[in-house]
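Residue strings, one per chain:
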Amino acid sequence: MSARNIGIVYRKELLEALRDRRTLISTILVPILLFPILTVGLGFVIADLIEQADREPARIMILGGTDSPGIVSNLAKSKNLIVVSEPANYVDLISNKKIRAAVEIPPGLQSGAGTDFAPVKIYMYSGDLKSTTAAKRIEDFFNDYRDNLARDRLTVQKLPASFLKPFVIKQQNVVSAEKVAGETVGGIITYLVIIMCLTGAMYPAMDLTAGEKERATMETILSSPISRTHLVLGKFLLVLTASLVTAALSVTSMGVSSWVIQHFQDQSSGSAMHIKIGLGAVLAVFLVALPLAVMFSAALLTIALFAKSYKEAQSYISPLMIVVVVPAIAAMLPGIELTPRLSLVPILNVSLLCKDLIAGNYHWNSIALIFLSTCLYGGAAIFIAVKMFHRESVLFRS
Amino acid sequence: MIEARSLSKRFHDKKRGEISAVGNVSFTCRPGSIYGLLGANGAGKTTTLRMLATILEPSGGTALVFGHDVVEDPEKVRASVGFLSTATALYPRLTAQEMVEYFGRLNGLDESTLKKRIDDIFDRLDMNSFRDRRCDKLSTGMKQKTSIARTLVHDPPVMIFDEPTLGLDIMAARTIVAFIRECRQAGKTVILSTHVMSEVEKLCDVIGIIHNGALLAEGTPTSLREKYQEKDLEEIFVKVVTTHVAPHAGVEVS
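Note that the protein sequences, when read in sequence, are chains A and B. Under my numbering, the first residue of the first sequence carries the number 1, and numbering increases by one thereafter. Under my numbering, the first residue of the second sequence carries the number 1, and numbering increases by one thereafter.
No wet-lab data here; the hints were simulated from the structure. One or more of the hints may lead you astray.
As the list claims (entries may be wrong) - Okay, the calculated beta carbon distance ranges per label pair:
#1 316(A) - 111(B): 33 to 41 Å
#2 10(B) - 321(A): 33 to 41 Å
#3 57(B) - 25(A): 33 to 41 Å
#4 3(B) - 311(A): 41 to 49 Å
#5 21(A) - 67(B): 43 to 51 Å
#6 128(B) - 43(A): 55 to 63 Å
Claimed, not checked - Below are the DSBU-like pairs computed for lysine-lysine, each with C-alpha atoms no more than 30 Å apart in a straight line:
#7 311(A) - 239(B)
#8 76(B) - 116(B)
#9 202(B) - 231(B)
#10 387(A) - 76(B)
#11 76(B) - 115(B)
#12 115(B) - 137(B)
#13 158(A) - 179(A)
#14 76(B) - 308(A)
#15 98(A) - 121(A)
#16 98(A) - 77(A)
#17 311(A) - 115(B)
#18 121(A) - 165(A)
#19 158(A) - 97(A)
#20 231(B) - 387(A)
#21 165(A) - 179(A)
#22 227(B) - 143(B)
#23 170(A) - 158(A)
#24 116(B) - 143(B)
#25 227(B) - 239(B)
#26 137(B) - 116(B)
#27 77(A) - 130(A)
#28 136(A) - 170(A)
#29 130(A) - 79(A)
#30 311(A) - 202(B)
#31 227(B) - 202(B)
#32 308(A) - 179(A)
#33 77(A) - 121(A)
#34 76(B) - 143(B)
#35 98(A) - 170(A)
#36 227(B) - 308(A)
#37 311(A) - 143(B)
#38 239(B) - 387(A)
#39 308(A) - 14(B)
#40 165(A) - 79(A)
Quantities reported herein were computed from a predicted structural model and do not represent experimental measurements. Heads up, the beta-carbon is just placed ideally off N, CA and C, and yes, glycines get one too.
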């Protein structure tokens, strides 16, 4: 009878959720569209901006260089650089984006009469894409000039070009593509799963508690013979479903978006990213995130139940976002490793474990400890939610 | 049958401390009759009825509803009760039929019985034209009928109405009044709370006057008229509440 009643409540809540535009948007539409927009859409916009900055000639200014006419002349002839002479101060001109960069040529550079260590200074606007591009073009010009100068001097001395570069240094990755994925995108995927488990549960949790109070249907359901424990469990299962669906759709959407980007990159550059995330790892992440979603769903139901209206529930739940985001982000920071003590810290433990799972590291003791402790926290959250549904002061708060 | 035995309810308020909403209220409602709980706003009517429907738990005393104790067997009590008030709204995203089906299932009806009950109720209340329409698209009258169908679906022997006509237009209110009469004719135990004297005159076989959480007077309309030497029920009500000054002084059943 109890499972039947929980099922009746669940089916009814599911039916209502599927007919609610706001729930559909937050649970299905946002996770499906957010990542293609953020990754593919934003990626194309950024690529277009970089390409545009690459194509556009940059206005620059030369300071000094009167005794290096050859260098000045060659610089002026460089592709995509326009040398201007302005009466105003170069700092103001760069700050106001009238010119993109300025280069200070030290005395005697061309003739070699200057001191060996006098630098060629490039003045720029840090962080500005067009200024950075202009500075890079100037730097490339002077690198080429320096290399040619060195080569000429070696030729005069009858020395080979390898005299300056007797050996090369090369870095080589020796770990698997899964491990690389764990270190590079593991943290982001984990963060995504955790945050989406929370945000997916938010709206349904508010709708099923504070929303019921606001619509005056709480008293209607409380007058039916269903026990409050079964009622809250039916509601909880719907919130959990929404939480898991949102997380699953988010990861799927991100996977598809990444595949699209990689596909385009492969086509354009011929290079392949050496990252691999196995389906097994993704399923393992979901399995570990399941008790976390249980904890979020029950906690959100409990908090939202205190509110008298949907708006009030929003104000109660918003701070919870910070509580979840901080440990979820912490796993993305370099250097934080899973320790037995951290295995007991809710959210952070799942976050660190998921990163390990994506990297293909299965430390079974940690997995068992984290899974069990999160199950325990989830169970405690359900217990509190059930208790709150039995409190008249919470249900009929005025 | 409803037997309230020294029902009491206290609430805790952060500013005002302990508040007694209902104190030692006892009364009996019999099958085939309508008991009217008459009182001003804040008198304790809703709290009393919510305790009978087990939506609230009594702080003291108890009540037997269709033989089940509200404290010991709240789920059995709710299965025996149809509860209707202005605060029992409908789920906006369900259709009228889905709403009634939901409560039928929660009351343990199997699918074939539920279908028969729904067909019968929808025919009786002339609801077939809007059975597949969502509740948020229904008119006030249609909503009232759907609420009635919701309370009737499990054919409860006890009906509790908390100010059922509050805020309704004349036609919707008439539907409710007619429904309450039908419940009496069907032999159900009916209790309703109201502060509308005309409703009391039209419907109630026994009246209980409640004020400041205490039941101050009880009797048939005729016996109350004789006791207080007044023809008008409103005058009787005013006389009762102004002569009994002590709040929560316990029950004086005449």
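A quick look at each hint next to the structure:
1. 316(A) - 111(B): 33 to 41 Å: About 40 Å separates the Cβ atoms of residue 316(A) and residue 111(B), which means 33 to 41 Å holds.
2. 10(B) - 321(A): 33 to 41 Å: For residue 10(B) and residue 321(A) the Cβ distance comes to about 38 Å; the hint holds.
3. 57(B) - 25(A): 33 to 41 Å: Given a distance of about 39 Å, which is inside 33 to 41 Å, the answer is holds.
4. 3(B) - 311(A): 41 to 49 Å: 43 Å, holds
5. 21(A) - 67(B): 43 to 51 Å: 46 Å, holds
6. 128(B) - 43(A): 55 to 63 Å: Because 56 Å falls inside the window, the suggested range holds.
7. 311(A) - 239(B): 45 Å, violated
8. 76(B) - 116(B): With Cα atoms ~23 Å apart, residue 76(B) and residue 116(B) stay inside 30 Å; holds.
9. 202(B) - 231(B): 15 Å, holds
10. 387(A) - 76(B): Between residue 387(A) and residue 76(B) the Cα gap is close to 21 Å, so the pair holds against 30 Å.
11. 76(B) - 115(B): Measuring from Cα to Cα gives roughly 23 Å; hence the hint holds.
12. 115(B) - 137(B): The given pair, whose Cα atoms are some 23 Å apart, holds under the 30 Å limit.
13. 158(A) - 179(A): 49 Å, violated
14. 76(B) - 308(A): With a Cα-Cα distance of about 29 Å, the restraint between residue 76(B) and residue 308(A) holds, given a limit of 30 Å.
15. 98(A) - 121(A): 19 Å, holds
16. 98(A) - 77(A): Status holds; Cα separation ~20 Å.
17. 311(A) - 115(B): Roughly 39 Å between the alpha carbons, so the hint for residue 311(A) and residue 115(B) is violated.
18. 121(A) - 165(A): Roughly 25 Å between the alpha carbons, so the hint for residue 121(A) and residue 165(A) holds.
19. 158(A) - 97(A): 47 Å, violated
20. 231(B) - 387(A): Violated. Residue 231(B) to residue 387(A) sits at ~51 Å, over the 30 Å cutoff.
21. 165(A) - 179(A): Outside the cut-off at roughly 34 Å; violated.
22. 227(B) - 143(B): 41 Å, violated
23. 170(A) - 158(A): 28 Å, holds
24. 116(B) - 143(B): 21 Å, holds
25. 227(B) - 239(B): Holds, at roughly 11 Å.
26. 137(B) - 116(B): 25 Å, holds
27. 77(A) - 130(A): 19 Å, holds
28. 136(A) - 170(A): Judged against 30 Å, a Cα distance of about 23 Å means the pair holds.
29. 130(A) - 79(A): Answer holds: residue 130(A) to residue 79(A) is near 15 Å, not above 30 Å.
30. 311(A) - 202(B): 42 Å, violated
31. 227(B) - 202(B): Given that 30 Å is the threshold and the Cα spacing comes to 20 Å, the pair holds.
32. 308(A) - 179(A): 48 Å, violated
33. 77(A) - 121(A): 19 Å, holds
34. 76(B) - 143(B): 27 Å, holds
35. 98(A) - 170(A): Roughly 41 Å separates the two Cα atoms, so the pair is violated.
36. 227(B) - 308(A): 45 Å, violated
37. 311(A) - 143(B): 26 Å, holds
38. 239(B) - 387(A): 45 Å, violated
39. 308(A) - 14(B): Answer holds: residue 308(A) to residue 14(B) is near 17 Å, not above 30 Å.
40. 165(A) - 79(A): 28 Å, holds
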